[in-house]
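Colleague: Chain by chain, the residues run as shown.
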Amino acid sequence: MTTEYDIAVIGGGNAALCAAMTAAETGAKVLILETAPKAYRGGNSRHTRNFRCMHEGPLGPLVDDYNEDEYFDDLMKVTGGKTNEKLARLAIRTSEECLPWMQEHGVRFQPPLSGTLSLARTNAFFMGGGKSLVNAYYRTAVGLGVDVLYEAAVTHLQLDGDQVTRVDYTHNGTSHSISPKSVIVASGGFQADTNWLTRAWGPAAQNFLIRGTPYNRGVVLADLLDQNVRQVGDADQCHAVAIDGRAPKFDGGIVTRLDCVPFSVVVNKHAERFYDEGEDVWPKRYAIWGRLVAAQPDQVGYVISDAKSLNLFMPSVFPPLKADSLEELAGMMDLPPAKLRETVDGFNAACGDTSAFHPTELDGVATHGITPAKTNWARPISQAPFYGYSLRTGVTFTYLGLKVDEKAQCSTSTGPIRNLWAAGETMAGSILGQGYLAGFGMTIGTVFGRIAGQKAASYAN
Amino acid sequence: MQTEMNLDLLSEARRQAEICNACRYCEGYCSVFPALHSQRAFSDGDITQLANLCHNCRGCYYACQYTAPHEFELNLPKALAEVRRDSWESFAWPQPVARRFQTHGGAIALAFVVGWAALFWALRSIGSSGGDGFYAALSHSAMVAIFLPTFFLPLASLAISLNRYWRSVGGQRLRFQHITTAFSKAARMKDLAAGHNEGCNFEDEDRFSQARRHVHQAIMYGFILCFAATGTATVMHYVFAMPAPYPLFSLPKLLGLSGGVLLTVGCGAMGVLKLRADRNLGDPGAWGGDMGFILLLGFVGFSGLLLYVLGSTTAMPTLLALHLGAVLTFFLLTPFTKMAHGFYRLAALIKDAQ
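For the record, the sequence lines run as chains A and B.
Under this note's numbering, the first sequence has 430 at position 430, and the numbering climbs by one with no breaks.
Numbers in this note's numbering are just positions in the second sequence, counted from 1, shifted up by 1000.
Source of the hints: derived by calculation from the structure; they are not laboratory data.
Heads up, the beta-carbon is just placed ideally off N, CA and C, and yes, glycines get one too.
Hints are not guaranteed to be accurate.
[Unchecked claim] Pair ranges (Cβ atoms, derived):
{"hint": "1", "chain 1": "B", "residue 1": "Arg-1164", "chain 2": "A", "residue 2": "Asp-324", "range": "35 to 41 Å"}
{"hint": "2", "chain 1": "B", "residue 1": "Pro-1245", "chain 2": "A", "residue 2": "Lys-38", "range": "55 to 61 Å"}
{"hint": "3", "chain 1": "B", "residue 1": "Ser-1038", "chain 2": "A", "residue 2": "Gly-60", "range": "37 to 43 Å"}
Use the sequences and the hints to build the structure in full.
Modeller: Set out below in structure tokens:
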């Protein structure tokens, strides 16, 4: 490749594409370096589904209104206050102008449908999901003259003083170096590098599943941190949820979710219960269960349910194990049968009056006299056939990242790096210290991708 | 007797449908997904119904996170296309010809040659005892004797097939509203429009385009116009004692000419689109049969137009044999070629409205 590029964008997901399109619209010559092959382009954006958007009055597919303070309050609730208020409010405020911008750049939203009604006010859903958003953005970007290299793995950014002077990458088995005027890093977190996770988390991380792309290995992130670019967050912080234990190691995505826990009991490999399965509705608890399962021996949990509860939760991608007796189910799951029987019998005996059972609200139907208690939806596991699932920890993303300011600019301890910006998951830790709010990752990626694109282009032009 | 449907095709489509049911990202695209998401488990009949609801717009394929090289290897448009064709072949009557044409363009070509030869023979041996226009080459009564059964036999065959389909998918009593809903969707080809009305993903990977939808409607309405031309001519002949030939500014001519142009242009364009599209997102085994059918239908329109232009030359009897041969073949093969899809699609849309 002989063309001189004004801007190199590292990464090929939502934030990278927003940055590339914004920069290209100013006339800058932009190159996207995407590690993944074309079929897997788009990073974790492939797995996303919606965009959380502030709006005063109905906007696109969104009904009513969702103002800045309510949005910010929702964020504070899930992050427990570990939020950079200035950057969070910038993301929230800018989200409103992003939605029409997204439509102009090819994204199509769907009207609220069966599973999404409860979010019709706060989250705009992409027709076909994140991969169709990514497809539309690639088409628009290429139409704007952006060049895209797939399977182009960036290995090093040469930082000299306060600027990046060289980008090294490999493509088709050979090494290349370019010296663009501006560089935007939008290459995600490091969760697909199991060794890095293991260093941070300990050996348990070997058993974690990675819900998203296998290409977020944090190569560029590590390279920049090694050169003392300012970091945010800690390596042992990641967002993880409990998912189907049979999910593939990488890229299982949305279908590996299980929402059967509130209507079941969950035991560890010794057939012992370890937490209140009915503490709250599942969308408010699946992240906690990711950590709970990670703390169990072999990082695995086993869900035991019965015939009367099967239709209360979404169909799973893999059918549940099914047996006529608890002992048979224990055999199928490699659990000690006698112990499982004892645990379930104890649980069943602790269940009281279940007449108030209500699957869609906190019904207060609780156990009495056992530890841990089950505080809602506690019904005996008694009606054959019995059903079983295994649960494992599925990592969604990592919080460790590059610290940026409101211009999306990176810095070292001596000050800003003149020509380096970051957007998306790789800098999301600058805003989110812990927890997650559905659709906020795409908000951060879109808002800061566009900012990074503008700033990088005005520097380059 | 109908044959059993292919269990391998059904179970592969079921495997994929179960993954789709746990994802649901595509629910906005077409009629398939709301129907799919309303169930937890899929019987053979459910899968057959989903397959016939699918219009192969491919939106879900390009939006899918789980297509190969992902280990889930989803390709729902292909899985459903294969079940769909297998369902048409399994329900077709009579069975000995059921699996001869959907997958064999060559068999369609051969049938056309036979049809053309039959008409050529009819012209030579029956001929005409006088008459104007085309009736000078083949008498009106001979045409009626040939084409009346050619029209009604396939309809009888399709009635048997659709009855089998209806029972297989668990269809209920028809209501007028089910039928109007289905016709309204088909009239706009709603399921080739994607949820955002920008068309399907066909000739250029994931780019949304109305090309296939518009071309399909050109063919569909072109066919309807040609059919209406024949219908009005029949009424004029029998009710008003106004036999052919008709002048240019007459209903049969105006309907037939516009229909013939739409049919010819539409089939030609559809052939080009099919050449550009990824064969592996449909039923690769039926590609030849589909193409043969499109060419045959296009030739019906084209030869009809040629007859209009060259009707008063010496080439007329030859052209008439070619045109009527194509029409004869087209009608007789209707239950066994892609033409059957229109009837099944309507049935599936009616079932979906219930």
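Colleague: Look at each hint and say if it fits the structure.
Modeller: Now the hints, each set against the structure:
1. B:Arg-1164 to A:Asp-324: 35 to 41 Å: 37 Å, holds
2. B:Pro-1245 to A:Lys-38: 55 to 61 Å: Between Pro-1245 of chain B and Lys-38 of chain A, where Cβ atoms are some 59 Å apart, the hint holds.
3. B:Ser-1038 to A:Gly-60: 37 to 43 Å: 27 Å, violated
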